[in-house]
Amino acid sequence: MNQGVVYTETVVHSAPEAFLKDAPYQIAIIILDTGGRVTARILGDRAAIGDRVTFLESRDGIPYFSTIHNPPSTIQL
Amino acid sequence: MRPVAVIGVGRTPFGVFPDRDLRSLAVEAGRNCLENAHLAPSQVEAFYLGNFAGPAFVGQNHLAPYVGAALGVTGVPATRIEAACASSGSAFFHAFSAVAAGLYDLVLVVGVEKMTSQPSPRVAEILASAGDLSGEIKAGATFPALFAMIARRHMHQYGTRREHLAAVAVKNHANGAKNPYAQMRKLITLEQALAGKPIAEPLTLYDCSLVSDGAAAALLAPLERASEFTDQPVRVAGVAQTSDHVALDEKDDITTFVAVKQAGQKAYRMAGVGPAEIEFAELHDCFTIAEIIALEDLGFVKPGEGGPYSAEGFTALTGPKPVNASGGLKAKGHPVGATGVAQICDVVMQIRGQAGQLQLPRHSLGLAQNLGGSGATAVVTILRAA
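The listed protein sequences derive, respectively, from chains B and G.
Note that the working numbering numbers the first sequence so that position 41 is 41, with each residue one more than the last.
Count along the second sequence from 1, add 1000, and you get the number used in the working numbering.
It is possible that some hints are incorrect.
[Said to hold, decoys possible] Here are some, though not all, of the chain B residues that point toward chain G, as calculated from beta-carbon distances under 8 Å: (1) 10; (2) 16; (3) 17; (4) 49; (5) 56.
[Unchecked claim] When the alpha-carbon atoms are kept at most 20 Å apart in a straight line, the in silico SDA-like pairs for lysine to any residue are as follows: (6) 1138/G / 43/B; (7) 1266/G / 1074/G; (8) 1197/G / 23/B.
Everything labelled a hint here was simulated from the structure, so no lab data went into it.
Note that the Cβ used here is the ideal one computed from N, Cα and C, for glycine as well.
Looking at chain B on its own, in the form it has when it is part of the complex:
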């Protein structure tokens, strides 16, 4: 899980109880360069379909990605 392309995405406004503090947040299905797909959170700038994204880290089993043009060092995790 390194880099990939956004296949689809949404910004969730009405969040489940566990993620109320995060809302609104973006999730996306990412087609990984290494093959396969993953549903992940997008941090930083909003990503659109077709954008390239890069893996940041996995926390509590949730993979976090960001767009390539918004590198991880500038993102508040």
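With chain B's structure known, arrange chain G on it following the hints.
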């Protein structure tokens, strides 16, 4: 396999009923159905209950004999079937299979869900358990979010627009306003639908179906015995259930539901008809985009044409292919475990000419499509005047 008929239907209104429990709703629908077919509970030979999440919503388990006994149905197989929002469509499919195979003659199917006793975040959490908890749901997806991602991709691939989605909501509200069983009997405008509170972009509140309490029931019998119970038997011309991956990210193309396509093709083949001959349909509009994709998957239109087709009025009550004359899940309500059988009740009532203000001029051949989760279960049923 022998021909099978629906010989009775029954239902409760859909809505928010704080003073009603799961069992009383299921019993009311079941009793109405038995009365409709002039049948005593002791004549029922098998009982199937479609229910998604009674244990989570109300805490009660062992639901099929619990409901069956309260209806006066004991001493027979009583089985609960769970397939997310397709639970009672699946229960109907299994009841059909048993009658068609000759195992039983008189089989009762009830679908029920009691959702509104839980606070909204808990309802969302229970519904989310129909998705893949190890991946998509863990990452923060809700059901609206899954269908929002489907909508985004459909828009990207085919140019479907927000206005197309909103047109589905406007139409279903207009139909629901005339349905005495519907939860939401209120007209909305296109502007209202477009300006709704965002739930998961691009879906607003008006793109989402309702949280509801309610139940629906149907009685099945061999066609050759149907006239003993009713003057208006409705033949199950075709019915099929199919399955697919639960997680959205395990599917190659999320702008179509492969299971719906497959179930549709099987049901068409069994009924010996094609999409062009279907006169009207009840489609699973859990979200507006789902109705648009169902139009495409069932072959009413080509892939990508569902949005414009809806916006141009083809699926309106007065259009050439009326869809969700009942108001659909959007306006009629969506007590998830009741929805599949409720759609069948709606089609049966149309075929019998008992749909009141919603009665369609052409009503001899109808289709019901019930979807579980984001497409992991699909049931398509084709009914015709016997």
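- Message: Check the hint pairing residue 1197/G with residue 23/B against an upper bound of 20 Å on the C-alpha distance.
- Response: Holds - the C-alpha atoms of residue 23/B and residue 1197/G are around 14 Å apart, at most 20 Å.
- Is the hint on residue 17/B kept, meaning its closest Cβ partner in chain G is under 8 Å away? This hint holds: residue 17/B lies near chain G, its Cβ roughly 4 Å from the closest one there, short of 8 Å.
- Message: Interface hint check: residue 49/B, Cβ to nearest Cβ on chain G, cutoff 8 Å. Holds or violated?
- Response: At 5 Å from the nearest chain G Cβ, residue 49/B passes the 8 Å test, so the hint holds.
- Interface hint compliance - residue 10/B to chain G, C-beta minimum distance less than 8 Å: Where the cut-off is 8 Å and the nearest Cβ of chain G is about 4 Å from residue 10/B, the hint holds.
- Message: Check whether the Cα positions of residue 1138/G and residue 43/B lie no farther apart than 20 Å.
- Response: holds (16 Å)
- Message: Does residue 16/B hold up as a contact with chain G if the rule is Cβ-Cβ below 8 Å?
- Response: Holds, because the Cβ-Cβ distance from residue 16/B to chain G comes to roughly 5 Å (cut-off 8 Å).
- Would you mind confirming whether the straight-line C-alpha gap from residue 1266/G to residue 1074/G stays at or under 20 Å? Roughly 34 Å between the alpha carbons, so the hint for residue 1266/G and residue 1074/G is violated.
- Does residue 56/B pass the interface check with chain G, least Cβ-Cβ distance below 8 Å? violated (13 Å)
In summary, the structure is inconsistent with hints 5, 7 from the numbered list given earlier, while agreeing with the others.
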